[in-house]
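Take the sequences, apply the hints, and build the full model.
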Amino acid sequence: MSSSKPLKVFVVEDDEWYCNFLEYNLKLNDENHVRKFQNAKDFLKALPENPDVVTLDYSLPDMDGDEVLKRIKEHSPDIFVLAISGQEDVSTAVDLLRLGAYDYIVKDDDTRDRLLNIVNRIRDNIELREEVVTLRQEVEKKYDFSNSIIGNSPVMTQTFKLVEKACKSKITVSITGETGTGKEVVAKSIHYNSDKKKKPFVPVNVSAIPKDLIESELFGHEKGAFTGAANRRIGKFEEASGGTLFLDEIGEMDVNLQAKLLRVLQERELTRVGGNSTVKIDVRVICATHRNLSEEVKNGNFREDLYYRLLGLPISLPALRERGKDVVLIASHFIKEYCKDHKIKLLTLSSEAKNKLMKYHWPGNVRELKAVIELACVMAEENHITEDNIIFNSSNSLQDILLKEMTLKEYNRKIIKTYLEKYNNNVLEVAKKLDVGKSTIYRMIQNNEIEM
Amino acid sequence: MKPSDFYDLDRLKRATGGDEQFMKHMIRIFIDQAPIQLQEMLDASEQKDWKALGATSHKIKSSMRSMGIFSLEDEALALEQDGKYEKNLETIPDRLALFQAKLIQVIEFLSQEL
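Chains as they are written, first to last, in our numbering: chain E, 154 to 605; chain G, 412 to 525.
It should be emphasised that the hints constitute simulated quantities derived from the structure, not laboratory data.
The beta-carbon is built from N, C-alpha and C at its ideal position, and this holds for glycine as well.
It is possible that part of the hints are untrue.
What the hints assert, rightly or not - Taking beta-carbon pairs under 10 Å as the criterion, some of the chain E residues facing chain G (in silico): (1) Tyr171; (2) Asn173; (3) Phe174; (4) Tyr177; (5) Asn178; (6) Leu181; (7) Pro214; (8) Lys260; (9) Asp262.
Unchecked claim - Below are the DSS-like pairs computed for lysine-lysine, each with C-alpha atoms no more than 27 Å apart in a straight line: (10) G:Lys462 with E:Lys223; (11) E:Lys189 with G:Lys435; (12) E:Lys493 with E:Lys523; (13) E:Lys194 with G:Lys462; (14) E:Lys189 with G:Lys462.
This is the structure in structure tokens:
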């Protein structure tokens, strides 16, 4: 058991013998702070002190148990109420359960064990509840606009406006953008800044789930629906009930399943695989794709009706290379994050390093930038990130070379040098491969334009 | 007459988890409390306040059960029910007198357990 926080327990019981009995048992645990009340009036006066637990004898001299319970719940629905009753009055105690009591205890031989078990369970419950609140606050903070989406370039300002509109409405949102532009981050930001933030955010990567499983993954299945379906399982739509379902890579969805998804979105109800009954759903859908869906519609790979159903508010995320100085802004954010996580002094970014970041074409967008910055933080020495610490691992090397903005003469020299290295300085073969005269190459060697 | 004709403290032992100090504590509270509750029952009967009789019988019944005082718990329940529903009212004074006599005996025996 945790020794973190004492539990404030109020015992409301008019029988002094029983009052003492409960008090003694509860005090066996030092973490229980117990106060006794022999009538409802005194107890209600002390209710603003917010006990964690109330043991409530339903037959008090001055007020019925259900009335006291009602007052407790009006004051705070989070207080755990344990109804205590005699053996003949179990039905009354059960009625209190219906009115919101957490559990009930009958005055018999097992009272002590039951009381201690229930109070321990409540303690765990309170700790979990507090943990959930803390985690939720952390998540909300993480996906607060100022922390999650960074940038002040004109294209991003435009995007922010759309994201804000999405937060204020329940409309379906479709997010497009190259890989790594932050589609899921935007989807989460919309969820955690909308009135659905206390409900689940459920992401599904359509392309990552095998075709045969995706239907059951989304809509759930009944027991025995197919080989291996040993139990009933709810799908992602039901899991996201009241919240947001994020369908990533929607462009990869099989055409047959597209028809089923369309029906679910239109009817706002689904049938689990292998089931007959329908289940109502209340879910906001946000979808994302790196494909151009309207092109996919033209090519017959995506249903037109589903396309329009999902389009809702389209948000197109710009590629990082179109975001100008945002690159440096985001890089600084990642550096800050890295230093905080690793508990080190804040690293600085040299202006040469900044230039190098700005010139790069970022095929992997923000995701790639994050990886490059993390590597740079590791490589940095003396709290300073230099140009050399910025190492690109992009597979698009031609693009890299073109972005160096050299003269044509310099490019020629570089190409010929690379070929000579590849073909063991065989000038004749290189001349043939590049379709240039061998004398051109010899001349460059002679003029020391190319070192061999 | 001996204590085992009136009560079985094994039940209290179970309810207190065998904690002897706790058992004695609860016996002491019963010895202090029961005469007051008995007087309340007698007063209620004399004033024909049957609801009050039912309510006090209800309270004393719970502690008698937990203490294992089998010789009185059924009668406490009967007095509770009769008081609550105002039944068998003419028999109540005689039954209360018997209840009183037994309870005094029980308290005497219990005092020796301390």
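Each hint tested on the structure:
1. Taken as an interface hint, Tyr171 of chain E checks out: its beta carbon lies about 6 Å from the nearest beta carbon of chain G, inside 10 Å.
2. Checking Asn173 of chain E against chain G: minimum C-beta separation of about 5 Å stays under 10 Å; hint holds.
3. Interface hint at Phe174 of chain E: satisfied, since its Cβ lies 6 Å from the closest Cβ of chain G, which is below the 10 Å cut-off.
4. With 10 Å as the threshold, the beta carbon of Tyr177 of chain E comes within range of chain G, its nearest partner Cβ sitting at about 6 Å, so the hint holds.
5. Satisfaction of the interface hint for Asn178 of chain E is found here, the shortest Cβ-Cβ separation to chain G being roughly 8 Å, below the 10 Å cut-off.
6. Satisfaction of the interface hint for Leu181 of chain E is found here, the shortest Cβ-Cβ separation to chain G being roughly 9 Å, below the 10 Å cut-off.
7. A distance limit of 10 Å between C-beta atoms decides the matter here; for Pro214 of chain E the minimum to chain G is near 7 Å, and the interface restraint holds.
8. At about 5 Å, the closest approach between the beta carbon of Lys260 of chain E and any beta carbon in chain G falls short of 10 Å, and the interface hint on this residue holds.
9. For Asp262 of chain E, the interface hint holds, the least distance from its beta-carbon to any beta-carbon of chain G being 5 Å, beneath 10 Å.
10. As the CA atoms of Lys462 of chain G and Lys223 of chain E are separated by approximately 25 Å, the hinted pair is consistent with the 27 Å bound.
11. Distance check on the hinted pair: Lys189 of chain E and Lys435 of chain G sit about 20 Å apart at the alpha-carbon level, within 27 Å; holds.
12. Distance check on the hinted pair: Lys493 of chain E and Lys523 of chain E sit about 15 Å apart at the alpha-carbon level, within 27 Å; holds.
13. Annotation: proposed proximity of Lys194 of chain E to Lys462 of chain G holds, straight-line Cα distance about 20 Å (limit 27 Å).
14. Restraint check for Lys189 of chain E and Lys462 of chain G: satisfied, since their Cα atoms lie roughly 25 Å apart, inside the 27 Å limit.
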